[in-house]
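Asks: Once you have looked at the hints, place chain G on chain B.
Chains B and G supply the protein sequences, listed in that same order.
Counting in numbering that gives the first Met the number 0, the first sequence runs from 0 upward without gaps.
Counting in numbering that gives the first Met the number 0, the second sequence runs from 0 upward without gaps.
Simulated from the structure, these hints should not be mistaken for laboratory data.
Beta carbons are placed, not taken as given, at the ideal position from N, Cα and C, and that holds for glycine.
Heads up, some of the hints might be wrong.
Said to hold, decoys possible - Taking lysine-lysine and the DSS-like style, the derived pairs with C-alpha atoms no more than 25 Å apart in a straight line are:
| no. | chain 1 | residue 1 | chain 2 | residue 2 |
| --- | --- | --- | --- | --- |
| 1 | G | Lys284 | G | Lys107 |
| 2 | B | Lys154 | B | Lys96 |
| 3 | B | Lys39 | B | Lys96 |
| 4 | G | Lys331 | B | Lys28 |
| 5 | B | Lys13 | G | Lys185 |
| 6 | B | Lys13 | G | Lys331 |
| 7 | B | Lys111 | B | Lys154 |
| 8 | G | Lys150 | G | Lys15 |
| 9 | G | Lys67 | G | Lys15 |
As the list claims (entries may be wrong) - Reference listing, derived: stretches of chain B covered by chain G, where coverage requires no fewer than 3 residues with Cβ under 8 Å from a Cβ of chain G:
| no. | segment |
| --- | --- |
| 10 | 24-31 |
| 11 | 81-93 |
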Amino acid sequence: MQALTNRAKPVDRKPMTFVERLYLWNIFKGMLITFKHIFKKKATINYPEQQRPFSPVFRGLHVLNRDEQGRERCTACGLCAVACPAEAITMEAAERKEGEENLYREEKYAAKYEINMLRCIFCGLCEEACPKDAIYLSETFAPANYQRKGLIYGKPDLLIPDPVTQPEEYKQALGNRANKQQQAN
Amino acid sequence: MYSTLLAFDWLFVIEKLVLIVGIVSISLVIAMYETWAERKVAAIMQDRRGPMRAGPMGLLQPLADGLKLFMKEEIIPNTSNRILFILGPCLAMLAAMMTSAVIPWGGKIDVFGREVSLQIADINIGILYVFAVVSMGVFGIMIGGWASNNKFSLMAALRGASQAISYELPMGLSLIALLMLTGSLKLSVIVGQQLDGVWNVVYQPLGFLIFLICAFAECNRTPFDLPEAENELNFGYHQEYSSMKLGFFLFAEYINMFISSAIMATLFFGGYDIPFVNDAQLTEKVGLNLMALFQGGVLFAKIAGFIFLFMWVRWTIPRFRYDQLMNLGWKKLVPLALINMIVTAAVVLWLKK
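With the rest of the complex left out, here is chain G:
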């Protein structure tokens, strides 16, 4: 009897550890190359060439940037709160990475006769978890800005916090409409439904639009990058930061972008579903592992598309004024999301009658 209690599935632990390390390092590498892609996209849209000296097509540029950030002098202002000052970027980074735990990155793979699902934690409140962690991201900005003991940083932190809170509301409301259709908070179930049927964006175009706008706001991306508005707040909440602590803040933004692209792809664009292909039939044909590779590739293609959209918008639209931001959030998006929710509820009830 004792032996059964002590019997611990070590393989399970190893499997999850490998998954965690893999996904964290993949998202770090992707965030790295997002910085490269951002500069390249910006350059190409402005008829320039972008980074091209470090390595072929400037592909080693992120490494050079990282090295530069590491080599810079680390300054902690005298009047700042040391612990919180260091905690700020750590929290921002942590919150950015944690969301990746519930996203299903692909179907199952077969490792030495053991079926491994490509998802770190398939918890039954997946979306709620995402929401909780995303809200935690505000703490990074808030604590970092406040601990700097600087007017501009504090104002930026306030802006960031109020912006994130205001836009979480319509984001949540738009998701409620989606959840009424799926009937489950589990991300794997939501993707599973889209594998067989139509992508959720077809049923919820307005919900997707609201979610997209809120995702831009949550990631502090242009046109909602008011917390770091350099022309009015002098670089915002990371004004006092230098060296890798600044790098962490910037990096967290790119990871956030990657993760929110992944969530949008998962919730609205079928996750790892390969479009126009019957996934179950293809799995029988090519086998489990190859299929997981295809699915992962398709998911990453969708994510790359969203990341390009993020960058495209950033280099097209100027920043909102703060009152415009709040007007859009509270007076436009919240009512729209509510209407969307009510209409969806009515239609769902009517069809199920």
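Next up, chain B with everything else stripped away, as it sits in the complex:
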């Protein structure tokens, strides 16, 4: 049969030579190969202590952002929920009362804001949809949980620490990417 490509290799059906039949020499060659692997670099990293860097476009766990004075940016417009292809986001809006101006930036805010991390596909469309820069995807991922309800993240889980009262935690939550951006700006 005419070969269609030149990639096919003919099978070698020659009878084994004496050295091959002895088998010992081939065992020795194989053992040399495994011995070489002793000195090779290990592919494993010690995970919790050492972590691989995320790619610069990594989309991880959501963060609800605050402005410079520590007020929540979210106004519960619902655009993120509409944009969400997995329908993972729900929220309930509430009106800001007198004396809550230092908590919420706009007159309307999200009293309840939940993302179901089991449904979420981490596409980042909510981040794109948000007109207030209130939600963005961070550089971490949702840790495992024993119950389904444990993976429905509410506002306490999602909100970024207050930059006024907890500046260090805020900086950590922003992540390296945001820090780099700030430096660039």
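Replies: Showing chain G alone in chain B's frame:
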């Protein structure tokens, strides 16, 4: 007159008891760390890291494994023969430990003016004893597999038994050639000859090779681990075993490996002989006890080398097919060992003429 009959050398009994306890516990600890070393060697050869969480470098891993085995549920199948089912792992363990009795672990030591030889029993048929006990190891596999009342276990037991019997033959034949050179079955004499002269492996390279291959087969190590071939026999003769009974079977394999490494080192690689050093002169220089320590250390280094070889081969070569195993045993190794024996005999006769 009665007093002489009743005079019993209690020191002798105590000395031997201490030796037995010491050697048994040393071989148990070594078997324990062989499991660690096996996993580490496997990991390193596969570019992984191996156990490293339990203790520094994972050194406490064997303890954790042992604890796990002890904590597991002990299951004895309904249809099995209870007594034999329990006897199987016991025999395997017993046979594995018993061989250590005749191996000389070092020269003599001096304890409070008493010369103690580091060998439990210096019997004049040392090698025959080793052979007898090694053959007994088959009973552990055979009884354990048969008593499980399970097709796979029985097949594995049959395989194990026939494999061990087939490979004992070339092993014995290769040793006959060695015995023609040494002229003694006593292990201490064989080591003593190598202390002064050249190691036996120089005179008997082919014999050593055959012995090595047979030792792999006798220990049920890859490439001859057909009795426990997990992809065809579903873990083989210890399929029905759980908890520490399984642990005993696995442990017996590692002790066997240690002991056969010790025997190979003793018979072919000079035993406790320190290479490139005149042992008698060094003894005068450093004293008896320190010398025994050196010799013991050298012997254990040789054993460690062989154990590494066992592991190295295991993680390099795939398992033989059963007919290949039998072909190798009966059609290659037996004739080779016979030729080796005849040639050695002829050369010995020719040189002594």
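Asks: Now, for every hint given, state plainly whether the structure supports it.
Replies: Results of checking the hints against the structure:
{"no.": "1", "hint": "Lys284(G) / Lys107(G)", "verdict": "holds (15 Å)"}
{"no.": "2", "hint": "Lys154(B) / Lys96(B)", "verdict": "holds (19 Å)"}
{"no.": "3", "hint": "Lys39(B) / Lys96(B)", "verdict": "violated (65 Å)"}
{"no.": "4", "hint": "Lys331(G) / Lys28(B)", "verdict": "holds (21 Å)"}
{"no.": "5", "hint": "Lys13(B) / Lys185(G)", "verdict": "violated (49 Å)"}
{"no.": "6", "hint": "Lys13(B) / Lys331(G)", "verdict": "holds (22 Å)"}
{"no.": "7", "hint": "Lys111(B) / Lys154(B)", "verdict": "holds (7 Å)"}
{"no.": "8", "hint": "Lys150(G) / Lys15(G)", "verdict": "violated (44 Å)"}
{"no.": "9", "hint": "Lys67(G) / Lys15(G)", "verdict": "violated (34 Å)"}
{"no.": "10", "hint": "24-31", "verdict": "holds (count 3)"}
{"no.": "11", "hint": "81-93", "verdict": "violated (count 0)"}
Comparing the model with each earlier hint shows violations of hints 3, 5, 8, 9 and 11; every other hint is respected.
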